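Visitor: Now for the letters of each chain:
2 protein chains.
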Amino acid sequence: MMTSMESEQLHKVRHSLAHLLAAAVLEEDKNAKLGVGPVIENGFYYDILTSKPVSQTDLLKIEQKMRSLAKKNLAFVRSELSVAQAKEMFASQPFKIELINDIETKGTTAMDESLKQAGKGIVSVYATGAFSDLCQGPHVENTKDIARDAFRLTKIAGAYWRGSEKNPMLTRIYGVAFATKEELDAYLKQQEEAAKRDHRKIGKELGLFTIIDEIGPGLPLFYPKGALLRTLVENYIGELQKKSGYHPIWIPHVTKGELYRISGHLEKFDALYPPMELKDEASYYLKPMNCPHFMMLYKSAPHSYRELPLRWTSTTTNYRYEKSGELSGLTRVRALTQDDCHVFATPEQIEKEIALMLAMIQAAYRAFGFADFWVRISTHDPAHPENYIGDKAVWKQSEATLEKLIRSKKWKHEIGTGEAAFYGPKLDFMFRDAIGREWQLSTIQLDMNLPERFALEYTDKDGVKKRPIVIHRAILGSTERFLGILIEHFAGAFPLWLAPEQAWVMPIGKSHKKYAGEVLKLLSAHGIRAQLKDEDATIGKKIREGEQQKIPYMLIIGDKEVKSQSVAVRTKGADKGALKTKKLLAQLHMEIEKKK
Amino acid sequence: MMTSMESEQLHKVRHSLAHLLAAAVLEEDKNAKLGVGPVIENGFYYDILTSKPVSQTDLLKIEQKMRSLAKKNLAFVRSELSVAQAKEMFASQPFKIELINDIETKGTTAMDESLKQAGKGIVSVYATGAFSDLCQGPHVENTKDIARDAFRLTKIAGAYWRGSEKNPMLTRIYGVAFATKEELDAYLKQQEEAAKRDHRKIGKELGLFTIIDEIGPGLPLFYPKGALLRTLVENYIGELQKKSGYHPIWIPHVTKGELYRISGHLEKFDALYPPMELKDEASYYLKPMNCPHFMMLYKSAPHSYRELPLRWTSTTTNYRYEKSGELSGLTRVRALTQDDCHVFATPEQIEKEIALMLAMIQAAYRAFGFADFWVRISTHDPAHPENYIGDKAVWKQSEATLEKLIRSKKWKHEIGTGEAAFYGPKLDFMFRDAIGREWQLSTIQLDMNLPERFALEYTDKDGVKKRPIVIHRAILGSTERFLGILIEHFAGAFPLWLAPEQAWVMPIGKSHKKYAGEVLKLLSAHGIRAQLKDEDATIGKKIREGEQQKIPYMLIIGDKEVKSQSVAVRTKGADKGALKTKKLLAQLHMEIEKKK
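In order, the protein sequence lines correspond to chains A and B. For the first sequence, counting from 1, position 25 maps to 82 in the numbering used here; every step adds exactly one. For the second sequence, counting from 1, position 434 maps to 491 in the numbering used here; every step adds exactly one.
Which copy is meant is left open, so a pair is good if it fits within one copy or across any two.
With a Cα cut of at most 25 Å, we get these calculated DSS-like pairs of lysine-lysine: (1) K336 with K223; (2) K639 with K300; (3) K282 with K258; (4) K629 with K639; (5) K640 with K629; (6) K336 with K380; (7) K409 with K578; (8) K299 with K652; (9) K617 with K578.
Don't read these hints as lab results, they were simulated from the structure. Keep in mind it's a predicted model, so treat the numbers as computed, not measured.
Looking at chain A on its own, in the form it has when it is part of the complex:
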């Protein structure tokens, strides 16, 4: 969410609101025991052990109390106490005492970044009116710095003290806060819209996918309609790649750990699933990324300069053991299918290859109707050349190439100096969806590290063996995440070429069924994904079901249509009148072809 305020000041506002929240709760409930109250994305929360349950309606009262407190123009006053003084001050707050003990013994509480203390034995405290809290700060100077109409308490959740089931369950009260009322309203509206578009909700309504307890979190299964959507998206990319001279390879999803010892992932990659340990052989791993497999396949045969650039691709699933708390529908999964490409090239070929990739990304975004995006160009930090590997000339040339190519496309972009990986510069594509949220999609990454680690070679014109450059590239990122974004961007009403069901043929009465069947056959024969809805239900009910199922074309057939060999077209929520079937087919095909 973009805001008009400097992020540092907004952080102070949110942190200060967390204190006001605790103060407000304490005024009503003298015996409430305070946990911690950090700043989070878009707002803040406070964990509190209350004497009686807090309800959603209580939030309004607490919010009002926070506004009253803020109205008093109270200063946030910092003081530093000894541990003994702090323990005296917080004698009635057992969780705070626990934190003070931690500060005493470890110099930090380790649970709350904001409570990290400068030195052992010194505890900082912020006071606001009658309320004091153990806190490292920083805060706004005075509650008048807080826009009282730009925050809102949003929800209540349960949270174990310090995240452990062994500890008491506290009440977590969440709030959001912005610089202005307008920004708060925009955020709340976006949230409301996002909830309507939630791909988990729509995925269920449209019968696209499900997650099953006995199989596991983060491992969605796709019903036929969802599987078809996957295929449509993946095949589109596949066709685009074929046209661009990319060649699919096939790699297994498991490997000996040896592969990741060579690549370095065994030490560095956090989200590896644990190994499958065998008695008579080395341990096997599920692959969390494809690069090492690609490198080994390249290495398994000799290569000549004549073969380069070698553009290899594979749409294949990777496995990452993400924390279960971080999983979310399709957008954060444990099995992610990437449209992964690796181009093996000479340094001279980089420009042409990147240009080809940009053209493919452009074509794909146009096909999917993704108009609003910008590019982050991550380059090296000139102040620290020692942080990077590879040929300096290649760095210089390729960074200049990336910038030149993006400029020539006239795409919005940002240069992230010092944000390159140690092994090469990078492009990231940020897509802004229908309700203004940003999603990272495509990536292009130059790599001078893996070719070195795997000692990749090609024989050049002069007979000398040289190292190729590797360029990693994904357009969709992952099929699963892309589908999640796609569902939310279109709120389930996909462009015609992507709709799993493109048309419903709906006879009004029994006497219309025969002709409806003929229309269905005609549509199917012309490659339209159509269904016959001839069950005994009113046409009104069928239309409502079609709207709910986001069917692009509902083709209603009554006496008039049978007589005139036409269909009454309902599309995008409106009746468009009768159309001869031949014209209908032409219209459908034109709309489908628009993606090209």
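Please build the complex by placing chain B on the supplied structure of chain A, with the hints as guidance.
Guide: For chain B alone, coordinates are given in the frame of chain A:
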């Protein structure tokens, strides 16, 4: 390999030849120490610690000696000795002594089936002339029962005594033996032909796939041409299924163990990869089969009789930890991609569904050029109805249906009474390849067990919840194994529609390159997978390379062809003269379409 002799008699011949082999070696090498000599597929071997290395040329001499012994019309005479007597008889044979000790203590040697003894303390011995061997038998009565021109010693290998690296390495001499010389010759010819067609050899020559040490045995990786072959095969089946009203679903390759607790695989399935053990969650497994995932996806939503039959399919990889010694190229792998289908149906729908499956199998075999096959119909054992679960009426009806449908196709078949699984009858398709070897391919299996274990339901017309029947079905079996068979059946010279490279356009000189480029463009624009071979090499060299690469169409272009806007066609090893490009395209398309 088919033979004219009863398998029991042939087993005796082979076993007796193993004895003659040991006797022949001992005649030359008095100090040789004998291990064991069992019967194996097509022949026998004997493991022997010889005084000096045995070479391939020695085999001929040993073979001659075996023939001389056989010519003597020696009887095989069985006697039973006490352990003490046996130890005395085999005092100079330490391995035999070891076996006798085992018989003394355990009643069996556990290493050699043929040495299993009836009772503790009794050792049976077979004498043939001067030679005696510790042996349970049975043997031929006399060496005259052995056709002396129907066996051959084939190869030598090293083998640790009792398979353990801690023991001495013995020399294993292999032989093959049949009832007649004709059968031996046919077998040797088949072996020679099989070696030429070995898919591992051809796979390497054509650049289709490779197996990489650091990734692991049984886990092939596919180069672009091999990946394309996979896709062509899988897409053919995909299209066939689409036409037949099958719907792809998508399932993850991992699952919590809980799924296999429900299905029963956790206890019963041997080849599971070991679990990935997590601290904070249940263990995860790689899926070794798809059925449980399909069952759970069905179960995750309510179903009405109106939806049935529900034909779900997924081309997805399973993982089976086969012993490394049993792995072989593509035909026995650890990651196998199945064209798996599960049809959920009412009992009344079985006939129509099986008929549809048979039609699909027939279409596929025709497309792949697999003409010679037969079907095994596995039915229940009427003597033991207690061994089977499910409705008896369904068993009766479905077994009759299977037989009726196969008969109506006029396909060769065999009825395997008592060979059904406990949960339903089955069809297996046995394909005989170009050199007479049999491969099991397609399977259709009725299942009344999994629907029960997963408590699957549909709501019938009468509002009552009922259990569907599940029909498992695979046409290819697995993509990997099918490709292995395909490569060997065609010796790499695939039908045009399956050839990864369908045509090479080959200009003879520099002045022909421009027109050759135009021909390539034309072919590519018409969907022909063509390559331009315009490197500076003689046309003779290019043709040899094309033959070696099994390129179906080589299109040679010289002055004459440029002038007449044609190409000189070389196909199936012969020059077919010049053809206008338009005619060529028509011919190519006709040949490709033949698969339909």
